[in-house]
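Given the sequences, and given the hints that come with them, work out the whole structure.
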Amino acid sequence: MEYIVLVITAVLVKNILLAQYLGNCPFLGTSKRMDTAIGMGVSVIFVMTIATAITWVVQYSVLVPLKLEYLQTIAFILVIAALVQFVELFLKKFAPPLYSALGIFLPLITTNCAIMGVALLVILKGQTFPEAVLFAVASGVGFTLALILLAGIRERLEVSAVPMALRGAASGLIMAGLMSLAFFGFVGVDGSLKALIQ
Amino acid sequence: MKLLKVFTRGLWNEIPPFRLVLGLCPTLAVTRSAEDGLGMGLAVIFVLACSNMLVSSLRNLIPRQVRIACFVVIIASFVVVVELLSQAFFYPIYQSLGIFIPLIVVNCIILGRAEAFASRNGIIASGLDGLGMGLGFTLSLTVLGSIREILGQGTFFGAEVMWSSFRPFSFMVEAPGAFVTLGILLAIMNAISKSHQS
Amino acid sequence: MLEAGLFLLLLGLGCSIVLAFASRAFYVWEDPKVLAITDALPGANCGGCGNPGCASAAEAIAAGNSSASICVAGGFEVAQAVGEIMGETVEEREPEFSWTSCSYGVGKAEPRFTYNGASDCQAAVMLYGGSKVCPIGCIGLGTCVKVCQFGALSIGDDNLPLVDYNRCVGCGACVDACPKNIVSLTSQTKRIVSEYVTDECTAPCQRACPTGINIPGYINEIRKGNYEEALRVIKEKCPLPLICGYICPAPCELNCRRNLVDEGVAINPLKRFVADHEMAANKHIDPYKCADNEIKIAVVGGGSEGLTVSYYLARLGYQPTIYEAKPELGGILRYVIAEDRLPRHVLDHDIDGILKMGVEAQTNAVMGRDFSPFGLLKDGYDAVLIAGGGFDSRKILQDFQDKGDAAIPGVLMMLDFLAAIAQDHKIEVGKHVVISDAGIKTLEVARKCLELGAGKVTIVSDQPISSLPLEFQDSKALASDGIEIKAFSTIAAIGGIGDRMDRVAIEDRDLSGDIETKRSIIDADTLIISTGRLPEMAFVHAAGKPEVEGEKIRWQTIETFRTFPSDGQRGLLSSPEPGRISDSSAVVKSILSGRRLARALHQHFTDGVITPVLRLTCEASYVLDVSEIDGVSPSNRETPPVSDVEGDSKRVWIFPKELPGLDENKTTREAERCLRCGLICYEKNR
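Just so you know, the protein sequences line up as chains A, B and C, in that order.
For reference, each letter of the first sequence is one residue, going 1 to 198 in the working numbering.
For reference, each letter of the second sequence is one residue, going 199 to 396 in the working numbering.
For reference, each letter of the third sequence is one residue, going 397 to 1082 in the working numbering.
A couple of the hints might just be wrong.
To be verified - Listed below are the simulated SDA-like cross-link pairs for lysine to any residue, each with C-alpha atoms no more than 20 Å apart in a straight line: (1) C:K872 x C:F884; (2) C:K542 x A:A165; (3) A:K67 x B:Q351; (4) B:K392 x C:S550.
To be verified - Cβ pair distances, simulated, as ranges: (5) C:S419 x B:L259: 17 to 25 Å; (6) C:A400 x B:R318: 42 to 50 Å; (7) B:R318 x C:D1003: 47 to 55 Å; (8) B:R318 x C:L1010: 52 to 60 Å; (9) B:L259 x C:D688: 32 to 40 Å; (10) B:V359 x C:G439: 51 to 59 Å; (11) A:V64 x B:E358: 38 to 46 Å; (12) B:A314 x C:G410: 24 to 32 Å; (13) C:A416 x A:M164: 49 to 57 Å; (14) A:M164 x C:E506: 51 to 59 Å.
If you are wondering where the hints come from, they were derived from the structure by calculation, not from laboratory data.
For glycine and all other residues, C-beta sits at the position ideal for the given N, C-alpha and C.
Structure below.
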């Protein structure tokens, strides 16, 4: 049951994009069209899960025993960069259709702070391994959800008479703000769910 | 003269994150108050200027194929330095910035400047470019933080500035306020440069 | 400190070992050609080549599925670079560009309702097909502008798309995006041979003009005082503007929308004014001409049709030579029409203009006596056109047939045949005779052929069997005599070798099913035509030009025009407009058939097939129009002085020697009367 609360919290209440401010650059960059939004979203779920799992292992089986926690940042970014490269090579070989669909998004993910952010967050929260992986999946889903919702709105905005100054990133940000406001409605849902379970 | 141009470019013509819509996550996340914005900005100036200079001095040694990985390691090292320094000397700011200090690693502005400028120019120019861009970023963050702080909390750098009956818009310090404020500022910038052109 | 350094070193080493291993283990071979071609392509992913993007286009090229020159956006330079990678030589292709056809934007055109929805044309047409009354009018919301990756389109002040021809690469993204077909891809040659179609914006006068001159276009130029530009617009479609200016019956004026309020605009006198202007300046204004090619074409007949074909062929870059039996060019224009109506210096001026476009002419050259179609093919011509036109072309066939030097081998006129029988002349027919059309005398001729030694006679009629006379319907009885009926069919082409005809292609007019299977080729050596006139024919090499000297030429005719298949107007003996064979009742009609002949030949030499014109605008087609107009105040038509009889009372001419034209003041006033019509739009408050 706790896992359900964890998922709902990560997807809706503390949506990584709209409440935690993580992953905004790709968010604005790839939300102009629905197909790129879906591609980016799926890539993020994929990489985020694997990256969080590996960095969790790196943290607790290497950095902590060696008392090198202060090297967390360097270690994590290196692992993530190598992982993205590895995934790219792997997909190219074993899943060419998936590669041609997600290929152009993968290099962008290295500098997606949502990946690094989630990896750091699970350590910060002291989550167990299954919790961490689940949190990563849920965060990825939350990211994808927000991205797809915004892409829908922006595709519609594209054909509307938007004032010149507001075209592009400006209206995208304002739309994200309004979406974020809407997601505010979920605040407290996690608490009451927890109370319900108990 | 040319160096001056390199320096001032980051302050208006290409001021991040308005002209170069990059590095949005920290921009949105840490501008709850002017102080946080300024702190983040200073951290970025340090990392940007140092990494730019180091990248520039090593630019002839780094092989092209692995340059991105090298840049990331260089940046990560300086981020660790900032992390440790702020932990030691500016603990309150370190606490309020939270995971966004390690996330400077994945701030696209820094990697972007390393790739686009420092890897092709001399040390002094690269340092100045880093300083200029960093200053521009700091300026933006401080402005954004000030607006959000004044409207959201009624204070400026912690000091009360609004009239006593003023009721702060708590909306402004939350995520929606961050998105909308940045969106509106972006629109204003667009409108100004548009009227400038015509 | 040492620990930290060691850790980082190990971590870096670990990562690099894993990646190095992965790059080996997961190595995928990529064709270096694909990468090189992808680099050479512009990378705009415009889709103009038909592939979803540049990368897949590169794969298609490298795999040999596409030619090196498929990239439309990159033009010749990119094609050359790609060709170099592939080791192919590429030929320069004619660039295409986008062309917009609407001239009354939202705001000026008649609205049906005000549209406030999403500002996107494709969204706007979902609501009752758009906000304009005109079903083909531009919606003006700029979907074409959005999809253009080259910044070549913009929406102008009049809410219509403007094309920047310097930037347009002809990728066709705008054509796909436009829900109204306002934007189309065209090239100079396509524009030269274009026909008007029903879903295109045309003015009533334009549709009435057989040659299809852009009448509102040239009147607008006259209004602005650009007489030379006006003439250039006319010459786009009409090679004989001065002659037309004198003798054209001007069906355009009868269809002028001004007739609904007062009198039609004096369109033809306006044309004559600018043409007279050119003649007075003693120069020739040349319309657009494509780069020359090496293809030589012989045109038999130097009348208005032959001159037009040659003019169009020369503009398309071919090398035409006219063969004319009479001592001078002009045909009916010179030898039939009275000099009072068409002064000879007028005629000479227009013919000079055509010759100056790069047309050769040989006069006193008679077909059958001095040359024959297959002889010309043998002499190095790539095609021979017969543009007999309005003259009694039977003469050409008859005079020399009995000398054994047939002009067109195997082709006889039914009239000649009947006359020969009646006079007991000796006449020879081949083993298999094909007779066109099932008429009163057809069976008699068929039986006579059998008597004369033919083994088999095939009668081809374009009517269905049930509408033929009864005697044709008993196919069993006829078959026992050796006569076969092919009803609802048309003769599409003839072919032969050397001076002998040996095959006739017959096409089924029932067009349900696969069109390609409708054509059957039968071995036949005589064709008896019942129309009384020779159709336009275009002879080409059937098996390429012969390489060995003295080898016999295999030849065939090609179709000269093809409209939408379902109306059945095709084949050798059918004509573009309902009726039989091209109409030469007016010079403009000959110009029309001449242009279509040139179009067919151009298609033969470029695409290899004659494509039908879908939704062709012809007299029978329904085109949207208006039946009343408002907001236009009546004004008097300017007329040229009818005669100068009063001033010169001694002369008894009903007409003066040369009909005078409009003077410049009257021309300007008359040009102002034009309503600049579109399909249903026109200029109000005039």
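Q: Would you pick out the hints that fail for this structure and give their numbers low to high?
A: Violated: hints 3, 6, 9 and 14.
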